[in-house]
Amino acid sequence: MRVIIIGGGIIGLASAYYLRQREIDVTVLEKSTIGSGSTDRANGGIRAQFSSPVSAALSKESIKIWETFDEEFDTDISYRRPGYLFLARTESTVERFHENVRQQNKLGVESEFVTPGEAEQLCPKLKSDQFLGGTYCPTDGFADPHLGLQGFSIAANEAGADIRTNVEVTDVLQRDSDGKVTGVRTDSEKFNADYVVNATGAWANEIGEMVGLDIPISPRRRQLMVVDPENPIDDSVPFTIDLDRSAHFRPERDGAAVVGGHFSDVDPEMDPDAYKEKMDLDWAAKTIEEASKCAEYFGPESRVKRGWAGLYAVTPDHHPIIEESFPGFINAAGFSGHGFMQAPATGQIVAELIADGDASLIDISQLTAERFSRGVHLEEGTVIN
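Residue numbers (my numbering): 1 to 385.
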């Protein structure tokens, strides 16, 4: 059996690694360089604190791998676990948080509702009088996306995967009689394959169009920056999210913080090959202002060290599409900002779909693209913009 994976981000490389564990012939085709799409521009969050059971399950299974990644892949990914702290300013968000905790606890996620005073103990410079409560999970955290990507890339290569960069897929080939995928054509040659995996993130719909699929995945631009705040942020401070106002921050190193947020109702679809990769200065000023309304770490003396923009591959309900869309064509895309954290589980699921014909790690029956044509949207109340 031969598999072609289109896309050299962390979803594609995790899939390649787990397919090679089953001794399946794998070639990864990346039109640019490894991780050049969204992976190297990610924030690195790793959390199980989702309101959606299937998202929580994807993360829980992935966390099992992240916890032992250093040993299994001989790669230190700078995995830190100060927790995630979601904050609520409104009663409606508080009610949702209580329900989230109930559902998460049923799934074995160690989240809890915290009072404003308890939240301030976790995040000492928090303006706790601005909030009505929050949720906290001590096992959530973050890691370095580039190092995670490198770990999977090196391991997949050492296991025998053929990883090719600067190779652009120009067509996905199908059998005339029944439409089954038979391989791909690139800008230089043809590859035969029993399966083709679309792991291209923001480019997923472009690949889907090659086989006549309209995949509801839209590239949306998001920005992040590293800031030296007025008051240094200790490494013990959680990844903190002011959910009702969108601002979020987490500790980086030496007192710095990674800060982000999306504050505009305007959210146009981007061309993934032609969008502004640099940070907007007006966005940076607005983001620091919003962060200062959340915590006293930030203020006029905060200094931006660097910033960048990347793309979320967004579905209408912020859940991925993971399925064999038709014989021989696997979609694993649309993670809406959660691709890095959920890559280990997704890679295993892709290997199961191909080797076993079905996924057994978790139930992914809800993650088909067909849900959108039926008007079904999965609910997730902890989307971080």
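To be clear, the hints were calculated from the coordinates, so they are not data collected in a lab. Wrong hints could be hidden among the right ones.
Think about it this way: if two alpha-carbon atoms lie no more than 30 Å apart in a straight line, the pair counts; the simulated DSSO-like pairs of lysine-lysine are [stated by the list, open to error]: (1) Lys-276 - Lys-286; (2) Lys-127 - Lys-293; (3) Lys-125 - Lys-286; (4) Lys-305 - Lys-125; (5) Lys-125 - Lys-293; (6) Lys-276 - Lys-293; (7) Lys-276 - Lys-305; (8) Lys-60 - Lys-106; (9) Lys-305 - Lys-293; (10) Lys-293 - Lys-278; (11) Lys-286 - Lys-127; (12) Lys-305 - Lys-278; (13) Lys-127 - Lys-276; (14) Lys-286 - Lys-305; (15) Lys-180 - Lys-190; (16) Lys-106 - Lys-64.
Quick caveat, the model's predicted, so the values are computed rather than measured.
Structure-based check of all given hints:
A C-alpha spacing of about 18 Å is found between Lys-276 and Lys-286, which places the hinted pair at or below 30 Å, so the restraint holds. Restraint check: the Cα-Cα separation between Lys-127 and Lys-293 comes to about 7 Å, which is no more than 30 Å; the hinted pair holds. Proposed proximity of Lys-125 and Lys-286 is supported: the alpha carbons are some 20 Å apart, at most 30 Å. At roughly 21 Å between alpha-carbon atoms, Lys-305 and Lys-125 fall within 30 Å of each other, so this suggested pair holds.
Proximity of Lys-125 to Lys-293 is assessed by CA-CA distance (about 11 Å); at most 30 Å being required, the pair is judged to hold. Restraint check for Lys-276 and Lys-293: satisfied, since their Cα atoms lie roughly 28 Å apart, inside the 30 Å limit. A hinted pair counts as satisfied when its Cα atoms are at most 30 Å apart, and Lys-276 with Lys-305 qualifies at roughly 18 Å. Simply put, Lys-60 and Lys-106 have alpha-carbon atoms about 13 Å apart, close enough for the 30 Å limit, and the pair holds.
A hinted pair counts as satisfied when its Cα atoms are at most 30 Å apart, and Lys-305 with Lys-293 qualifies at roughly 21 Å. Simply put, Lys-293 and Lys-278 have alpha-carbon atoms about 25 Å apart, close enough for the 30 Å limit, and the pair holds. Restraint check: the Cα-Cα separation between Lys-286 and Lys-127 comes to about 18 Å, which is no more than 30 Å; the hinted pair holds. Distance hint between Lys-305 and Lys-278 is fulfilled; the C-alpha atoms sit about 13 Å from each other, no more than 30 Å.
Under the criterion of a C-alpha separation no larger than 30 Å, the hint pairing Lys-127 with Lys-276 is inconsistent with the structure, at around 34 Å. Pair hint Lys-286 plus Lys-305 holds up; C-alpha atoms about 16 Å apart against a cutoff of 30 Å. Of the pairs offered as hints, the one joining Lys-180 and Lys-190 holds, with about 16 Å between alpha carbons and a cut-off of 30 Å not exceeded. At roughly 18 Å between alpha-carbon atoms, Lys-106 and Lys-64 fall within 30 Å of each other, so this suggested pair holds.
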